[in-house]
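Peer 1: Read off the chains here:
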Amino acid sequence: MMVRFIILLLYAVGVGLAYVYVQRHPPKISPKYADPISRALKAILRMGGPLVTPLLALLWWGILPVSPLWLMWHALFIPVIVYLVFFLWTGAWKANILAPLLLIAVLFEAVALLPLLRTEGSPLLAIAFLLSMALPPLLQLVLLMIWVPVMMPMPPDKRKEQRRDIMAHFVGFFTSLPKPTIFIQEGQPQTHVAGNPFQGTGPGLVVTEPENIVIIRDSAKIVGPQGPGTLFTAANQTVERVVDLRDQIRIGRVRAMTRDGIEVELPIASIFRIDAGLQRPELGKPWPYHRSAAYQAVFAAEVNPDGKTPLDAHRAASWEELPLEAAKHKLQQVVGKYSLDELYGVSDTPDDPIPRAGLSREVREYVQQVMQPHGIHVTGGGVGNRITPVDEAVTRQRVEAWKAKWIRKVMENAGKAAAAWLKASRHAQAQAWNDLLRGFIEQSQAMRQVKPQAAETFYAVYLLEVLEEIARDPRIQPLLPESALPALKKLRMQLNGEASIPIGQVGGVNIALTTRKGERQ
Amino acid sequence: MNYGTIVVNRRQWLVSLLTLAAASIFAFFLAFLIWVLTPGIGGHKLWLIMAVFASLGVSALSAYVLICQWVGAVYRLTEGECTGFVGRMVLGLSKRPPLQPLLRVQEGHPAWEAPELFQKVGGPAYLSVGHDSVVITQQYGTLQRILGPGLHVLAPFEKVWEVIDLRPQRRTLTVGVMTRDGIPVSCKVGIRFHIDHGGAQPTDQVPYPYSEEAVFRAAMAIRHKGNGAVQRWPVRLVNGTLDGEVRNRLEKYHLDDFLAQSKGEHLIGALEGEILEAVRKAGRGIGVYVDEVQLGPVLPEDEAISRQWLETWQSEWQRFVATEIAKERAEQTHLLEKARQEAELELFNSILPTIEEMHRRSEGLDLRLLMLRFLDTIQAIAGRSGMTEELHRTLRTIVDQYLRSCSAT
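Going down the list, the sequences are from chains A and F.
For the first sequence, our numbering puts the final residue at 509, and the numbers step up evenly by one.
For the second sequence, our numbering puts the final residue at 1308, and the numbers step up evenly by one.
Excised from the complex, chain A in its bound form (with noise of 0.2 Å):
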């Protein structure tokens, strides 16, 4: 009684043992070669280990007329023949290896078994013997059977089509050596479990993202796009390429020459995606494309040495890479049929249409043409408009022969400026004559009333007496004759002598002989 209790004590620390193992220690996932029996072993031991069924078959003793070891021997055996079973099931193995073990297995056991079976009122419970050692794997394995594919990103009718498929990838996990399985993440193939994709156990696992699909390789073969989704690869396939079915789109800058040898850099962009004809993605369908279109994308790729590393000279380009390179290429051709001014069209007119719009077209119209039969849909794309001249004296120049106009302007300016101040000076000039000239005809007019007799003398004495006023101008003497000053003076003496008319009244009229100093004389 005590000896069972600690059988059954035994078996529950174990268990509890097994379960930390196995919990501590999951499977040490290696590339390196296995050969298949002792990988199957491997993945028997890590699912049946923690049953621990050779401590169950302990509790039979005494109740079957066995000796512990044979209990033990068959604790081993029934839990491997059901593991092998499951195993050629799952088609994680060929056939030709496991089978051969799976008979040698039975046939262990049925040996084994004969002796039990002769034994009086024994078979019964040799058979409920077998029954017990065989339930726990056998439940652990339908359990998993339900469990395993739910965990699995599949549409449920998926999922029940490839169930072998998924405890195949199951089982392979446990023998440390299985394909490897890869998840497309940002485009990226990332590799959650490594694994050996030709010699690993069960097939290999892809899960992309609805954006994604993968061309798988076999060997040297192509399989072709496969995916969106979740799909398993089989022995020798790996995945070659991630295709990202989105809208893509390319930015670069392009160097030609115009047509009037100024080298230019223009801006230039593609848009374009693998060709999926007229569909686009909807709520719950696969993202849209044509296979392929996929296929002739990815294999459409160059290889090109240029610029590029030994180790990387032979490495092909993105297929992403073809347009913006074909567009490049005639962006440069079609540049050399501008000049410059006419690539900027140059206009007075803001209504004359910009040649940049027709050379992206151009170029547009060229690249779908070219891509098309890659399986490259070209939606978009064109020139920007940012074109520089590469030689920064180019644009200097532009920017002078702008400020020249302005410089013009500037100069106009300074020319009108001059021109009013000359106007200025002028009319003030013209302005001083008239009042010379205007104090004499006011002077005149009041002579009209004077006899012309006296009008005459007047006339003379008041021209002397400018005269005079004007020699005496500290001024103006010195620019006269040393003569002048004199002889004014004595004209005046003679004329005063001859006439006798005071100035100031001539003919009963008051005469205001104004001087340019303005007194009243």
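Calculated from the structure, these hints are not laboratory results.
Treat the hints loosely; a few may be bogus.
[Unchecked claim] Pairs of lysine-lysine residues, derived as BS3-like cross-links and limited to a Cα-Cα distance of at most 27 Å, are as follows:
| # | chain 1 | residue 1 | chain 2 | residue 2 |
| --- | --- | --- | --- | --- |
| 1 | A | K391 | F | K1087 |
| 2 | F | K1019 | A | K316 |
| 3 | F | K1151 | A | K273 |
| 4 | A | K393 | F | K1151 |
| 5 | A | K82 | A | K20 |
| 6 | F | K994 | F | K1019 |
| 7 | A | K16 | A | K30 |
| 8 | F | K1124 | A | K273 |
| 9 | A | K391 | F | K1124 |
| 10 | A | K82 | A | K209 |
| 11 | A | K148 | F | K1019 |
| 12 | A | K296 | A | K316 |
| 13 | A | K296 | F | K1124 |
| 14 | F | K1019 | A | K16 |
| 15 | A | K148 | A | K273 |
| 16 | F | K994 | A | K316 |
| 17 | F | K1151 | F | K1087 |
| 18 | A | K325 | F | K1180 |
| 19 | A | K146 | A | K273 |
| 20 | F | K1151 | A | K397 |
| 21 | A | K148 | A | K82 |
| 22 | A | K404 | A | K391 |
| 23 | A | K30 | A | K82 |
| 24 | F | K1019 | A | K146 |
[What the hints assert, rightly or not] One-sided and incomplete, this derived list gives chain A residues near chain F with beta-carbon spacing under 8 Å:
| # | residue |
| --- | --- |
| 25 | Q214 |
| 26 | G215 |
| 27 | Q236 |
From a predicted model like this one, the values you see are computed outputs, not experimental measurements.
Yeah, the Cβ is synthetic: ideal placement off N, Cα and C, and Gly gets one too.
Knowing the structure of chain A, use the given hints to seat chain F on it.
Peer 2: Same frame as chain A, now just chain F:
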């Protein structure tokens, strides 16, 4: 799969239960068999029967542990994430608060502190979408559902693929353009836009209405730029559409068209309307409604341009100032004085020879000769000075008058 119920995989749960029940029945059968076939061994067989039943639990536990290990490796989950995930996949989600695991989405993105589990496997989980966001989910490699504001249950492996912010968006960018005369200029452009309402009006409960079609279009507007970078709908509208439309229009004009103040302002206003229409039309294609476009002044990038323009502007004012100064100067007395002196000197010089001749000969004063000379000079000065017609006429009258007086005597 019933997304409306809390137990996500009811069938799964039932099948598991039935399997365990069947195994238990089988264990009972075994226990019965042992009990019947071993009548004489008493309590010994009780331990065995207990062990048989225990082995069922061990089997279920080992299956669970194995699945956790496999799931952990395949999805790169931590131990805690694995056990939780497998538990939810088998038993379903708990409906008791706190609702866990819960992914909050608000302000146009999933919460920063959200567990990585949501990226790695997604549901089953709860998803809380804020009033300002809409979520598009993916499952099994296809785009699955559009989930608006509210609490949702994510189905197994259903992940958030894209979050669309429903709030009005404003962006400002500086667009660099080459003018028609090849001069680099830049223009600051502002734009305000939002996801198309599809005719729905905001209410007290729904401040940001949306149409599912517009949301889907916006989500699909994503473009891959290479090296993992993507261009989402706001960037596509602003950097892909708006800047293109601005460039397409500004490049048709010369720099001076933008610099001439009154003309430039009018032009910018007209272009703003054109660009708004064009961007609005393009925005519809990606589920976006553009409220407004604000076009700033077009400014030359080259410093020389700005300097030259400043110089020109200065020259306009300098001209004005110079003109004013000239006017002022012209009125100054020294100019007048100088002119007067010149006039007087000329007058004197023209008469002086006659006077000197008279003085030299001492024949007496010939007033007539003197006056004729004087008047002749005056007339010549008047002719040169640009006198007014009236003044000239008066002078003529005086000359005539004098000549008449001379003839009378």
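Peer 1: Tell me the numbers of any earlier hints that the structure contravenes, in ascending order.
Peer 2: As far as the earlier hints go, 2, 3, 9, 16, 18, 25 are violated by this structure, in ascending order.
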